[in-house]
Each structure stands twice: as C-alpha cells, then as structure tokens.
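K.L.:
One letter stands for each residue in the lines below.
There are 2 protein chains.
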Amino acid sequence: MSKIIMNHGAGGEIMQEFLAKHIVSHFPKAGADVPLEAMDDSAVIEDIVFTIDGHTVNPLIFPGGDIGKISVAGTVNDISVMGATPIAIACSVILEEGLDIEIVDKIMESMGRTSRECGVPIVTGDTKVMESGALDKMVISTSAIGKRSKLLDDDLKVASRYRKVKDRWCTDSNLAPGDVIIASGTLGDHGVALLSFREGYGFESEIQSDVTPLNKMIAEGLKAGGIVTMKDPTRGGLANTLNEWCSKSHVEIEIEQASIPLRAGVISACDLLGIDPLSIGNEGKVIIGCVPSMADHVLKAIKRTPEGRNAAIIGTVKEGKERVIMRTEVGGKRILEPPSGDPVPRIC
Amino acid sequence: MSKIIMNHGAGGEIMQEFLAKHIVSHFPKAGADVPLEAMDDSAVIEDIVFTIDGHTVNPLIFPGGDIGKISVAGTVNDISVMGATPIAIACSVILEEGLDIEIVDKIMESMGRTSRECGVPIVTGDTKVMESGALDKMVISTSAIGKRSKLLDDDLKVASRYRKVKDRWCTDSNLAPGDVIIASGTLGDHGVALLSFREGYGFESEIQSDVTPLNKMIAEGLKAGGIVTMKDPTRGGLANTLNEWCSKSHVEIEIEQASIPLRAGVISACDLLGIDPLSIGNEGKVIIGCVPSMADHVLKAIKRTPEGRNAAIIGTVKEGKERVIMRTEVGGKRILEPPSGDPVPRIC
Numbered sequence: 025m026s027k028i029i030m031n032h033g034a035g036g037e038i039m040q041e042f043l044a045k046h047i048v049s050h051f052p053k054a055g056a057d058v059p060l061e062a063m064d065d066s067a068v069i070e071d072i073v074f075t076i077d078g079h080t081v082n083p084l085i086f087p088g089g090d091i092g093k094i095s096v097a098g099t100v101n102d103i104s105v106m107g108a109t110p111i112a113i114a115c116s117v118i119l120e121e122g123l124d125i126e127i128v129d130k131i132m133e134s135m136g137r138t139s140r141e142c143g144v145p146i147v148t149g150d151t152k153v154m155e156s157g158a159l160d161k162m163v164i165s166t167s168a169i170g171k172r173s174k175l176l177d178d179d180l181k182v183a184s185r186y187r188k189v190k191d192r193w194c195t196d197s198n199l200a201p202g203d204v205i206i207a208s209g210t211l212g213d214h215g216v217a218l219l220s221f222r223e224g225y226g227f228e229s230e231i232q233s234d235v236t237p238l239n240k241m242i243a244e245g246l247k248a249g250g251i252v253t254m255k256d257p258t259r260g261g262l263a264n265t266l267n268e269w270c271s272k273s274h275v276e277i278e279i280e281q282a283s284i285p286l287r288a289g290v291i292s293a294c295d296l297l298g299i300d301p302l303s304i305g306n307e308g309k310v311i312i313g314c315v316p317s318m319a320d321h322v323l324k325a326i327k328r329t330p331e332g333r334n335a336a337i338i339g340t341v342k343e344g345k346e347r348v349i350m351r352t353e354v355g356g357k358r359i360l361e362p363p364s365g366d367p368v369p370r371i372c
Numbered sequence: 025m026s027k028i029i030m031n032h033g034a035g036g037e038i039m040q041e042f043l044a045k046h047i048v049s050h051f052p053k054a055g056a057d058v059p060l061e062a063m064d065d066s067a068v069i070e071d072i073v074f075t076i077d078g079h080t081v082n083p084l085i086f087p088g089g090d091i092g093k094i095s096v097a098g099t100v101n102d103i104s105v106m107g108a109t110p111i112a113i114a115c116s117v118i119l120e121e122g123l124d125i126e127i128v129d130k131i132m133e134s135m136g137r138t139s140r141e142c143g144v145p146i147v148t149g150d151t152k153v154m155e156s157g158a159l160d161k162m163v164i165s166t167s168a169i170g171k172r173s174k175l176l177d178d179d180l181k182v183a184s185r186y187r188k189v190k191d192r193w194c195t196d197s198n199l200a201p202g203d204v205i206i207a208s209g210t211l212g213d214h215g216v217a218l219l220s221f222r223e224g225y226g227f228e229s230e231i232q233s234d235v236t237p238l239n240k241m242i243a244e245g246l247k248a249g250g251i252v253t254m255k256d257p258t259r260g261g262l263a264n265t266l267n268e269w270c271s272k273s274h275v276e277i278e279i280e281q282a283s284i285p286l287r288a289g290v291i292s293a294c295d296l297l298g299i300d301p302l303s304i305g306n307e308g309k310v311i312i313g314c315v316p317s318m319a320d321h322v323l324k325a326i327k328r329t330p331e332g333r334n335a336a337i338i339g340t341v342k343e344g345k346e347r348v349i350m351r352t353e354v355g356g357k358r359i360l361e362p363p364s365g366d367p368v369p370r371i372c
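Quick note, the sequences are listed as chains A and B, same order.
Per this note's numbering, residue 25 is the first one in the first sequence, and the count goes up by one each step.
Per this note's numbering, residue 25 is the first one in the second sequence, and the count goes up by one each step.
No lab work stands behind these hints, which were simulated from the structure alone.
These numbers come from a predicted model, not from an experiment.
Glycine included, every Cβ here is placed at the ideal spot set by N, Cα and C.
Hints may contain errors.
Per label pair, the in silico range of CB-to-CB distance [claimed, not checked]: (1) B:Asp178 to A:Asp320: 51 to 57 Å; (2) A:Pro83 to B:Glu230: 43 to 49 Å; (3) A:Asp71 to B:Lys181: 22 to 28 Å; (4) B:Arg358 to A:Pro83: 47 to 53 Å; (5) B:Gly122 to A:Pro330: 38 to 44 Å; (6) B:Ser26 to A:Leu296: 40 to 46 Å.
DSS-like, lysine-lysine: derived pairs with alpha carbons at most 27 Å apart [to be verified]: (7) A:Lys161 to B:Lys161; (8) A:Lys45 to B:Lys130; (9) A:Lys53 to B:Lys240; (10) A:Lys171 to B:Lys174; (11) B:Lys53 to A:Lys27; (12) A:Lys53 to B:Lys171; (13) B:Lys53 to A:Lys130; (14) A:Lys53 to B:Lys53; (15) B:Lys53 to A:Lys240.
Using the sequences and the accompanying hints, generate a full structural model.
P.N.:
Set out below in structure tokens:
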C-alpha cells in the first residue's frame, strides 16, 4: 500500500502529481474564473480572490520570523500575486495540549502585528486542541480573500498596449515570448536561515528569514504598469516557480545566473550543505513577469520599496520547449530542472 | 507557566475566555459588518461572508461520516446560518508521513461527494506533510465564502413586518423577546455516535453521526420568512448555542424539555455515560430563532426537507436575565448552564 512521504507536501513535481491524482481528481469542477485545476496561488470566483495555506513550520520561532508571521504574510502574498487587493484573513489554529500559553501569546501577537503592518485584518477564526502527543505543538491554516482593484485594471491596460494579454488576473499562464522576468530580491534566505538554525550550522547569525507581507511592494509594481504575472517562490523556490510558468504558459524561460540576487552567506551555506539555493523556499520575495517595454519602469518602482531594494532583472521569456535554461556565470548553458520537492522540509 | 488544556478548544465557556484573552486580543480591530469580536459563525466584510474551521476529529472515519464530510459540511453550514449563500470552499490538508494514501483518497472522495451534494465547489487548497509522529494522521482546515441573496433580504423583510430587526445578517445578537426557538432535528447524535464508536460502547449500531450540509434546508426556512437568527450547535451543543444567544442578544430563553427532539438511544447512552445530550456537539442540525407569527410556517417548511423532518418548536425568548431556563418534564424549572466545554473531545 502506498504511503505519504515528505515530498508529497514539498512543493515540487512529486507534490504536483500527488495533488492531481489523489486530491484534485476527487473534487467536482467549478465554473471559477481561476479554478482549482489551474493550481495557481489563489482561485478566483465571482471576482472574489480566495486562497488558503497550512503552516507547519518547525521550529515555531526562528531568526527573522515565526509561524504567525508566515501565516499572515503567506496568504496576503498569495492574494497579492494574483494582482488583487487582500481585504481579510481567516485563521484556524490547532494547538497541542500542554503547550505553554506564553508561546501561543507570542505567535498570536506576531500575527496581529503582521496583520496591522500590511493593513489586512483577521476577521474570523477557529481554535482546536489535540491531546498531548497527537500534534507537534501547533499548526495554523490561514485563508484570505481579495478583490479586484483599479490598480490591476490599469496595469493590464498598460500591458495590453504592447501585446494581447490572455487572462485578466496575474495567472501562471499569462506569460508570452519577449516578457521580462524580475526577482524582487535575494533568494534562498528563508530556507537557509531555517535549516541552519534548526541544525545548528551557525549561518543564522548572518542569514535571516525574509518572511514579510508584499502587498505594498506589489501595489507599487502594478502602479508602474505592464506586469502580466507574479508568483511568490515558496516551496521549491525559483526553480519551481519558473518551471510552473513554462508549462502553464507554454514558453521557454532563459535566465542569467550572474544576475540572480543571492547573498554570499546563502551561497556558501548551500555549497557546504550541497543544496541548490534556487530550489529553496522564500517567504518574502516575488517573481514578476512583465512586458519588455515596461521592465525597467517596474524594476525601478519595486527597488524604491524596502522589500524590493535588491530587485533585479534575471531573464526573459522565449518561444521554445517548456523548460528553464540558465546561462551560467562561466558562459555555458544548463537546464534548471523542476525540483522533485524542497530540499528543506517543514519550512512553511 | 499556564498550559493549553483540551477545554481550550472544546467550544464552551473556558474556550471563549481563552480566545478572548490569548487570541482575539492580539489582533487589530477591523471595520467588518460582523467583526471577529462578535465571535459569530462567520465574519462579514464588504458583504462577503467568510468563515474557517479546523477539523481534528478522531477517528477519521466514523459511523455516518468522516473528517472530509465534516470539513465541507461544517463550513457550508457556518456560512448558511448567517443567512448567506455559500459559493466556494478552500481546503488546507495536513498529512502525517507514512499515512496510507488509500485513506487520503477515501477522505478526499468524501469531500468531493459532499461538495457535489451541497453544490458548493472546492476552488483552492494547500497540502502539507509533517514527519511521522508529529501529527496524528490528518487534520483539515476548511474556509468558505458566501454572498448575500434575495432570499435573506425577503426573509428579513417578513420579520420586519412584526418587529424591528437589529442586524441585516442572522447574527447571535438578533433575538428579541417573543421570538420562537426551533431545533431542526434530534440533538446529540454526532457526539454520542463518535464517543460510542471510539470507546466501543456499542450504541453506534443505532446512533449515527448527523453530519450533513444544511444549506438547502436553510434556504427553505428563509423562503418561509421571518427567521432572525440561526446557529449550528456544534461544540458544546444546544446549551452552548442558547447561552451564547442570551448573552449576545441580552434576553432570557425558556425551553421545554419535553419538546426537545432526542433519540431514545441517545438518551440511554447519555444516562449510562453520565453526559448531557444538550451539551454535546451536533454536525447536521440548526437552531433557529424567528418572529412568533411565522414560527409554524418556518417549522413546516423545515419539516418538509429530509434534514429537517424531526424539527420541533422547543422554546421562546423572554425579557429577563441572560440565561436559559428549562421547564423539565416533571413540571419543574432549572437553569441550563453554559457548558465549560464539550464533554466529548475531538468530535469535529
């Protein structure tokens, strides 16, 4: 009999196959604008953008953040990368009997602070308790809803001046040859900070998680105009995001290794641990696809925000096979494979 | 240092105090129509009804249902009791490494079937895996959104012919003296079925869980007109629901013990186990408050549906102290206390 393995929840190809076969296949198809089968960051139904995420990060509190901050920022970001404005959050908290209430207070305080920071209120919730031993301390599932705004309409109007735009939301299938790919900042920080802290490697003194809500930064990008798609590269990192885009938009993406923002500490930690920084999850970054003529303008707008100060153009979209080609720093080319899963378990 | 106890998630007074002090207090206040602080079945923001529930029921599959059916029916019911029409569900599934995939398939199939049955699609989701030993098999958190419908407008218009109605949704604070209380069917079935099955008492041969989506039955009630509030008596059962209404609507409620629908098997099981069927959770029942002149009409409409065939008028709302008085079958009166929690743990 087949059993659940860690990679079934690790965001890569193995998870995609598992979800398609054992979860999504059992559910009836809905007439949503962006349906479940699209497996995008959020669904859209009757112009309401709707998303949910379960959070199992271990440990609960880590350098740069905690499960409460991730759970608010994560759903706010999932709504925002569709081009929508998040308006409310719902949270389901499941606690282990015997957990210190002081820890609950710390995590809930952090959720409240993050909610205040991004201006998206937590409007409803539910709390359950499982007996001691039935759960490792705490999990939090958060859902969020968002609405269409004039910002997105104007943004897509700008993009439409240059080429036909397929979807009216920033979906994974909205890229076309010629589009430019922007990363909003350094990649791999979250996964490396968490792994290092957990395993005691010592890199955590310099590398902190990047977890943060990105709705304000994204609004600045949309104001610049011409963005056609966005995704937050969480589980499976940049490699997963770009490969999903290639297969859903039926394009090839070419990226320049030298232009990918990476902290020196992340590079050396990944070298030492034998993991790829491009396959590790991030919690405060967004990858953007925009029409070529607006790329510099969008980049500038993003760079003016605190969350986007290290943003960079990292590649372009081509006609070709559904794959990601990376031009290496030594002048070669290699395929950036879709990861089977995230190399670091329970990072979100 | 204070620790989490099972009753912090058991739906009664201890939970209410814990939530107010350690969860809700940390979150910023929102300008929602029905805000977090109202602690109602759902929140309402910009006319979108929004709810979330975590599901930790043990065992995953039990007589009459399973965690998948509960997770869909539960959120659909939380939207419906506000008087709204549920339009979409989001699900967050968290799995334990090593769990049989066959069980996942069974649960997801049940979610799909329930979603099809009630006509509310699952439009988005998320799956995580925790390592073996970090979670007892599986938890599912589901969120749902709903919209205002003409049905609710018309229903409240009818109620307004007889008296002023405070809220424009079916909130806990909408009752007034004179209103009639209806129970949609037999109480205690879910909790007794689950406890008996789990502990091997043998009652489960006759008592099955009542878990079911109630949106269609509720729509029939609204069509009759005059309903001002509804609540599904889950954790803490009828005793919890009525006491919440008393304190939020500032009224006294008087119920007739003899008119409360209870299965003989539930009565004898509860006698034997020393638990109160009125404090046990239900998953397929609704308690309704409506204006007196429309009570018989609403009752008939509910009784015509399969889920409401055992519905009965069980009491009336009075001016008085914020408490529930029960007229006993032997002619006496006693106060139906708000339960400290549900006597049966992990029933939903």
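K.L.:
Does the alpha-carbon distance linking B:Lys53 and A:Lys27 stay inside the 27 Å limit?
P.N.:
44 Å, violated
K.L.:
Regarding the pair B:Lys53 and A:Lys240, is the alpha-carbon distance no greater than 27 Å?
P.N.:
20 Å, holds
K.L.:
Holds or violated: are the alpha carbons of B:Lys53 and A:Lys130 at most 27 Å from each other?
P.N.:
18 Å, holds
K.L.:
Check whether the Cα positions of A:Lys45 and B:Lys130 lie no farther apart than 27 Å.
P.N.:
13 Å, holds
K.L.:
That 38 to 44 Å hint for B:Gly122 and A:Pro330 (C-beta), does it hold up?
P.N.:
43 Å, holds
K.L.:
For the pair supplied as a hint, A:Lys161 and B:Lys161, confirm whether the alpha-carbon distance does not exceed 27 Å.
P.N.:
This hinted pair holds, its Cα atoms lying about 15 Å apart.
K.L.:
Indicate whether the distance between the beta carbons of A:Pro83 and B:Glu230 respects the range 43 to 49 Å.
P.N.:
About 47 Å separates the Cβ atoms of A:Pro83 and B:Glu230, which means 43 to 49 Å holds.
K.L.:
Is the hinted pair A:Lys171 and B:Lys174 satisfied, with a Cα-Cα distance of at most 27 Å?
P.N.:
22 Å, holds
K.L.:
Please test the hint of 40 to 46 Å on the beta carbon pair from B:Ser26 and A:Leu296.
P.N.:
Holds: the Cβ-Cβ distance is about 42 Å, inside 40 to 46 Å.
K.L.:
That 47 to 53 Å hint for B:Arg358 and A:Pro83 (C-beta), does it hold up?
P.N.:
49 Å, holds
K.L.:
Quickly compare the C-alpha distance for A:Lys53 and B:Lys240 to 27 Å and report which way the hint goes.
P.N.:
20 Å, holds
K.L.:
May I ask you to test the hint 22 to 28 Å on the CB atoms belonging to A:Asp71 and B:Lys181?
P.N.:
27 Å, holds
In summary, the numbered hints that this structure violates are 11, 14.
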